[in-house]
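From first to last, the protein sequence lines are chains A and B.
For what it's worth, the numbering used here labels the leading residue of the first sequence as 1, then goes sequentially.
For what it's worth, the numbering used here labels the leading residue of the second sequence as 934, then goes sequentially.
Just to be clear, a hint being listed does not mean it is correct.
What the hints assert, rightly or not - Ranges of calculated distance between the beta carbons of each label pair, as one might list FRET restraints:
1) A:Leu552 with B:Ser1058: 45 to 55 Å
2) A:Ile593 with B:Arg999: 12 to 22 Å
3) B:Ala970 with A:Thr584: 41 to 51 Å
4) A:Arg551 with B:Leu971: 25 to 35 Å
To be verified - To give a feel for the contact side, a few chain A residues facing chain B, derived at Cβ under 7 Å:
5) Asp21
6) Ile564
7) Phe852
8) Glu853
9) Lys892
10) Leu894
11) Gly907
12) Gly913
13) Ile915
Read the hints as simulated data drawn from the structure, not as lab findings.
All values derive from a computational prediction rather than experimental measurement.
Ideal placement from N, C-alpha and C gives every residue a C-beta, glycine not left out.
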Amino acid sequence: MDLRPIFDNVSKSIAFLDETDSQSLADLRTALAELRAGAESRALSGLITACDRGLAALEDDDGDLTCVLGEIAAYGAEVLEALELDRAAESVPVPGSAASPAVDEGPEAELLALFIGSANDNLADLEEALLELENTSEEPDELLAQVKRSLHTIKGECGVIPLPEAARLCHAAEDLLDNGAQSGGGVPIPVLLEVCDWLSSYSHQLASGDTASVPPHAELLDQIKAAGSADAPSKPAVPAPVEAPSSAPACSGERIAFSQEILEDEILPDFIGEAREHIEASEAALLELEQSPEDTELINAIFRAFHTIKGVAGYLNLKPMVDLAHTAETLMDQLRKGEATCGKRHLDLIFTSCDVMGALVSALEGGEGPSVAAHSRLVASLEREIAGEAPVGVDDVSSDMSSMTSGNHRRLLEILIDQGLLTEKVGQVLLERQATMTRPKHIGELALDTGLLTPANIEAALEIQKHEEQNGGPPPRPEPAPEIPAVEPAAPVAVQPEAPEVLRPAPAPEPIVEAIPKAQPQAEQTQDKPAEQAAARKTRIARTIKVNTGRLDALVDLVGELVIAQQMVYQDPALETLASERLTRNLAQVAKITRDMHEAAMSLRMVTLKPTFQKMARLVRDVSLKAGKGVDLVLTGEDTELDRNVVEEISDPMVHLIRNAIDHGLETPSERAAAGKSENGRVELRASHQGGAIVIEIIDDGRGLSRDKILGKALEKGCLPPDAVPEELSDSQVWDLIFQPGFSTAASVSDISGRGVGMDVVRRNIEKMRGKVEISSQAGKGSIFTLRLPLTLAIIDGMVVRVGDQRYVLPTLSIEQSFRPKAEQMHGVMNEDEVVKVRDMLLPIHRLRDLFEQADGEVDPVQGILIVLEDNGERCCFMVDEILGQQQIVIKSLGEAGAGMSGISGGAILGDGRIALIVDVDGLVTRTTQAAV
Amino acid sequence: MKPQDQPNEAQTEAVQDEPKVRFLTLSLAEEHYAVEALRVREIIGILDITPLPKMPPHVRGVVNLRGRIIPIVDLRMRLGMPEVEYTARTCVVVLELSGKGEEDDHVLMGAIVDLVNDVREIGASTIAPPSVLKTSERAGFVTGLAKLEEEGLVVSLLDIDALLDPSQLSGREADAIPSEVA
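Isolated chain B, as found in the complex (with noise of 0.2 Å):
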């Protein structure tokens, strides 16, 4: 990763003014992810999982979220890397898709990970397009690496539309990611 460069006076006066999104952070093995806050539902601890049938792996199956049946997707699964036990500390995330689904409400899904962190604002200009990572299967869920200064990590910005697509859940098995050998 090229570091960035000293921020001089003017464009820390840019970055202020500029327009913020919140994104809620979250880790999945050792590495940093975010999603656009606005998207996330709630967050809850681990529920039990009824499996569906014939479904791709990541799909784990389906929780009852205060009576709604909800489908339940294991967010490390879906980027290729390999299967842990889950945690005390392991959340999921529900998060909104695009379009509508029952009772006229967003469809819903929940994300398993491993560990969430916190909400952030990130400013655009701290955002670097995604041509730099190297393992390209995941670069389709990428929209940005954001730099969070503070803590001197690099976040990378999933696409929850791509990453959590419903249409994956045809019951097509081939869609997963391969798990990566270690």
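Just chain A, same shape as in the assembly (with noise of 0.2 Å):
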């Protein structure tokens, strides 16, 4: 063993010490126990005795650490000169120690000396020559010529020596290589990377005397054997005699996890927020994809997407990522460079590989990784779809039988099925068993095992397949023409699943000539839409800059406090003495800055829809599939702005909305069928600003819902109030039900709704962002559901009004009206509560001041004004003094102070500086009409 570079590490690691960083002394320790061991090796007793020391020293807080660390690096140092200038010789250095074996053997000495420094050479270019083989897909052929030179000198020296074993490896590792190449497969580097780093630590031994042992290569021969033989995983297992570096995944058995040392790199953040990017940028062309799978420019797109991913992922050491975006990257390679035609089983394969990004991405975070058999499992399929090797059996990732439509022909099975002659349960079964198999038989005989089927049938079924894939596919079903809205900024997103219809007749054996191409018009338009989408595509990219959200929502707050502290000076009345025209220029001149600056800061907090919009897609098609109904989905609107935080909070009811239209609104095709409807139902997305709100609307063209259904269902859980008589509640009344907690109509609850904890959460975080959700239904038409949100958090549209010498908001949205009554509407009730006519109501007035205790305030209505707010279908009236005027306001919170206030949920600061309370209007009307007996 050379000792030199040892020691040259810990000189290296003496000069850079810093005693009070840990790792550099980490560093030394590890360098110095190095050293030790060449030292032991070399039975140098000297230097072990002073690698001891300086081992001891650096334990040893109280010591002189460097004093202690200077010697040894003298002495260490006289050593090695020692030591090398008897080198070839390996003679004893000047303190004296046992000499070492190697002296003995004179001619074999140099012999293995002059075999060590060839072989040595060798394998450095043979480990060149596989890492270049396993990162790029240029010139395989040379660099694979160039592994089999060095393996087969180095073999041919190895036996001159002789070096049996060593020789036997390398014998193994060609065969491999052989048998490999004639296969067809790919060369399997790892175990050729492993031959590699056993023949150097054999030839390290050589180096430094050790002739008589031989390093453990029983293990390594079995893996050559095992990675040469016809059913080796793609990537055989790594025993790791050396510490595994911190790169790898722990595989605990079940997830994919990153190492600590990992999870705190610097730079970890920002690669996650692009990973996202990328996979979200992926999903959307896939989808787009799916619609016209002849657009280079989207396969170019996620083919960049991975192959960005796979750059940062390599420099950050995360193999699992590295490994997944490489295989999906080199399948999308294949498609653009047009060796393969981009089918379903194609976009299913990388779907699912977004799927597992995203989940390695969520490791990445602390959060729970994808199970290390899925991926794998996914990493395999990609890999033998690049291969061009037939499916083996299903992927448990993606699901069963909808991917059985590949692309140009269907697969047996499903023909057999279409046939009748299997069910697809039986199907289901025979896929399984052949993903078990180690040896994969074909499906067809798998299925005459069963001895359900004749062999007769088996050749029919393959003769059709055959037809099929001459013909460029099976009968196309019959496709309704997907609904393009008249006026709409983007174009829509048809996603339409291929869920079999496994009940279909069986279709005439003969060959089909040509499958029919969609002669809808809308088919051109659909057509010329990709080139288009890619033009506008392209300019619609507007630049962008990451900017760090904490700072943003500092500089909006700022500018919130100047547009106060600039109102503030505005309205003070000290200015109106002053009678400067100058001075009232000037002031007009900031205030226009201030709003404008304002007008900008509220719009950086703005977002579009668009990334919801576009997830929602994803989950269209997901549950789609899952539910078996086709979806025509239509996005109306993703342009409309939100401010981000509203944008974060919708995305679940929006989610859970859309399964619920899907799952439990539209019909099974059949039924749809039956009513006379398209085959696809037709679920729409829409967002618009309306009246300084955002509106967003899930429409559904499916059965509407069921009055008689949601009265029994609340019957049934007691979700009625006890008086009330189910005839006389109005739909909305009766829709409104279904946010009664626990509710759920559902007659089975499957994994994607039904569990009844869904739309009262739903209604609660909409109405914890001070919207409204509402219902609207017709019986065998539809749906919609509509959400109504404030444009930001953290303004609202508010009516400031005065009750005594206090200033309250009443939140725009609740008013209905207000007026100052006169004597003839008022009306006691029992002497105590009053009551109001308005338009043919009569509703309850409470004052202000006595809700909130004031001591100031008016007292008689007549005096007052009374303001009508209605909440969820209640009314009443609240009586204030005066309406000082209509503004935006900006909510601050009270803090500790507000949390335990009932009826108050905020305060604001208006232009004059004072402090209004903002009237937490739901609350009120719900507690005083409860109250009012």
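Using the hints, put the two standalone chains together into the complex.
In structure tokens:
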């Protein structure tokens, strides 16, 4: 063993030692330990002692570390110098230690030295070639040849010495390469790298004079054999004799996780953000690709996304991500080079890759990663697809029967099922059986084994398959025209999953001439659209910059305060006495600039609904596949802008509502056919600005809400108030019942929906944002769920009112009207509560003065103003002294003081610097109307 | 109050070496109190107070502190002293409570006091435990009594978190110590 590099390491560690840095201390410790080991192997007792002293000094806090280390460095240098002067003979250094055995073997030693030198060179070449082979796909033949050459040379030289075990190993590796080349599989690089490592360590051992033993290689031989046989997994098991690099994921039997070191890496958060963006972009592109599989621009985009992820992941040493990205990228590469045509299998695989990649990113964030099994299965499937092999069985990761339709022709099983010769269930069983076999049989054989079919059946089915392949596909199912609404900025995304109609009559076994192209006029539009869209996409990509959201929020807050301060200056009564025109002009200028700045700052927080809608598009695809219903999804108004916080909060409710729409709202295809509706259900997501609020509608053309069913369930669950008369309830009151906790009319609970914990949470979340949920529905026609939300969470439109000396703010959304009552409208009830007649309604009056225990304020309603407030259908009147005006209010939290207060939801700072209390209308209305008997 | 013994040299040295904590001394009526200087965010003059409904009487309401709304407590009333009119010298000491409030900042509360004196360093050795206090209701808020040599004063060190515990603002009336009858 050559001590020089080890000792150099020690010297370096000593020179760079920072006693306060634990890492640097650890480095030195390691280096010293290495040196000691080296000294041990050469039986250099003096050096051993020196190293021991050094290690002891490191442990000991008190000692003078520098002094000891200095001594060691000096001594070691001397030792090595002596060694090097007699290097060839490996003679003993000056302080006297046992002679190394290699001295006695004169001529053999020379031969060995020659071999070692040459082997090291060859090994270096070999390793380089292997690494290149792994990373690029360019000139694999040349690299492969290099690998073989190196291996062959080493083998030959091993034979000369002789070093029989090493020779055997090289021979096995050569065989592996030759076999691999014949079967068309890839080069099993990891195994070969292992061989490389082994040879390298063996040669080191020989150089240190230990020719007696051979390092253990039995396991390695087994690996090589395993890699060479047909059912080898593409990734052989990795024995880790040395501690695995920290980048290898901990496969704790279940999920992929990353080491602490990686999780604390500085650039990780940026990488996570970027990776997520790339995954989202890929998913969006995939959805479009489903509609237009020929669009190379989309394929390129996906390729680039995975390529970029691979790059940075490689830099961070995130092996699972690199593997996945690499295989996915290779597959996309095939597609964009035209080596394969994009079929459903490809799309499914890439979709799944996006999912698993997303899970890996979650693992980086500290969450749960994908299971090791899922990851390797996916990679294996990708590789099989790349290699052009027929898929072995069904990936558990993407689902079952729906992935049966492959690129051009139906799979054998599907044909048999379509012909009614096999049932779905049997087909499923056969696929599973095939997947578990080490040497998978052809699915036809397995089918025969079941005894349900005759060989003739199989032959006929195979014929059909061949014909379909030649003719470009099975007969198409009739497809309804995708609806394209008249006015829309963005192109609709029509998602048509291929849930197979399993009970269709068998197609005629004659050759089908040509797959009928879509005759609808929409088809041409759709063809033009990709080109247009591509152009539009390019211009729409504005330049962006990433900003820390904390800073953004701080800036927006500061601007808010500036507005208030500016208003306070502007409204200062002292200004009126100054009567300076110039001052007035300048102040007006300041006011204008402040207003503009305010608008600009507010808009910084605004984001579009586009990413949310895209998430929904993906969701629709998945849910519709699972539910077995075709869905046409139409997205409108995805460019509508919302405050960032609102967008985050509505995501979950929207998911829930869409799932409901597809799961419960839409009927099954057969039901729809029976009702004369289009086979695919239609779900529309529409977003728009209406009157200072954001309106999001989820519209489906399904069966609508069933009044009877809901009433029935409500009665059953006791959701109805005891004195309610079902027949007298209005429709909207009935629909309202579904928001009761624990309510659900789904007969069976699927994992998608039906657990009854959804709608009340949805409404609560929306109302938490000061929004509203409205339902409108028509039996047999469909339903519309409307979400009404304020533009931003922090600002509301409010009416400022005065009660005595105190100011309050009432959210405008809740106000129906305000008026000064006349005496005739007032009525006393039981001498206590007063009611006022408003438009044929008798509404109770509540004085804010009393509600908030003020000493001052008007008592007589006729002298004050009544404001009619509405909350979920309930109405009442609040009485105030005066209405001061309407303005946009920035909501300020009252902090701890406000937490316990009922009736007040926050504070606001008015233009004159005074504080107004924001009334929690919903809470108050409910409380007062319930309290009123 | 037991008078302190005359310090001998050894004691003086020990006193000089020990860690000292800075306190802000203030006055309520004729009594002297102090709060930890590190907890004092700022000291401002009395502002317009917007009263809050249904609060204990010592919680006077909220004020606008440069765009941030913070609750204000009258410290005299909190400690059971009679209420007085606020003068030009009345100050509000804005204190940081433990725990996070909005925007990752501490929860802030303002305490109305009659007078603010200055910031003093008080060493641990000069602090006596509050067991000598006769008024047991206040004992819960006082962490110790410190002697200020130069002025010959004894200062009660206040426990801010106990004094301004936000949960007291839950609207319950009973928590304020009833006014002493003179």
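Fill in: Supplied contact hint for Gly913 (chain A), tested at 7 Å Cβ to chain B
holds (6 Å)
Practice prompt. Answer holds if the nearest beta-carbon of chain B is closer than 7 Å to that of Gly907 (chain A); otherwise answer violated.
Written response: holds (4 Å)
Discussion item. Min Cβ distance, Leu894 (chain A) to chain B: is it shorter than 7 Å?
Written reply: holds (6 Å)
Discussion item. Hint validation: Ile564 (chain A) versus chain B, beta carbon distance must be below 7 Å. Holds or violated?
Written reply: Constraint on Ile564 (chain A) satisfied, holds at 6 Å.
Item to complete: Return holds or violated for the Cβ distance of Leu552 (chain A) and Ser1058 (chain B) against the range 45 to 55 Å.
Response: Between Leu552 (chain A) and Ser1058 (chain B), where Cβ atoms are some 50 Å apart, the hint holds.
Practice prompt. Go ahead and decide if the range 12 to 22 Å is satisfied by the Cβ distance of Ile593 (chain A) to Arg999 (chain B).
Written response: The hint (12 to 22 Å, Cβ to Cβ) holds, given that Ile593 (chain A) and Arg999 (chain B) are roughly 20 Å apart.
Worksheet item: Can the hint on Phe852 (chain A) be confirmed by a CB-to-CB distance to chain B that is less than 7 Å?
Response: With a closest approach of 4 Å, the Phe852 (chain A) hint holds.
Discussion item. Quick check on Glu853 (chain A) please, does its C-beta sit within 7 Å of some C-beta on chain B?
Written reply: At about 5 Å, which falls below the 7 Å cut-off, the nearest Cβ of chain B leaves the hint on Glu853 (chain A) intact, so it holds.
Item to complete: Answer holds if the nearest beta-carbon of chain B is closer than 7 Å to that of Ile915 (chain A); otherwise answer violated.
Response: Holds. Min distance 4 Å.
Discussion item. Verify the CB-CB distance for Arg551 (chain A) and Leu971 (chain B) against the hinted window 25 to 35 Å.
Written reply: holds (27 Å)
Discussion item. The hint names Asp21 (chain A) as touching chain B; please verify it with the least Cβ-Cβ distance against 7 Å.
Written reply: Cβ of Asp21 (chain A) sits 30 Å from chain B, so the hint is violated.
Worksheet item: Under the criterion of a CB-CB separation shorter than 7 Å, is Lys892 (chain A) in contact with chain B as hinted?
Response: Since the shortest Cβ distance to chain B is 5 Å, the answer is holds.
Consistency with the previously given hints fails for number 5 only.
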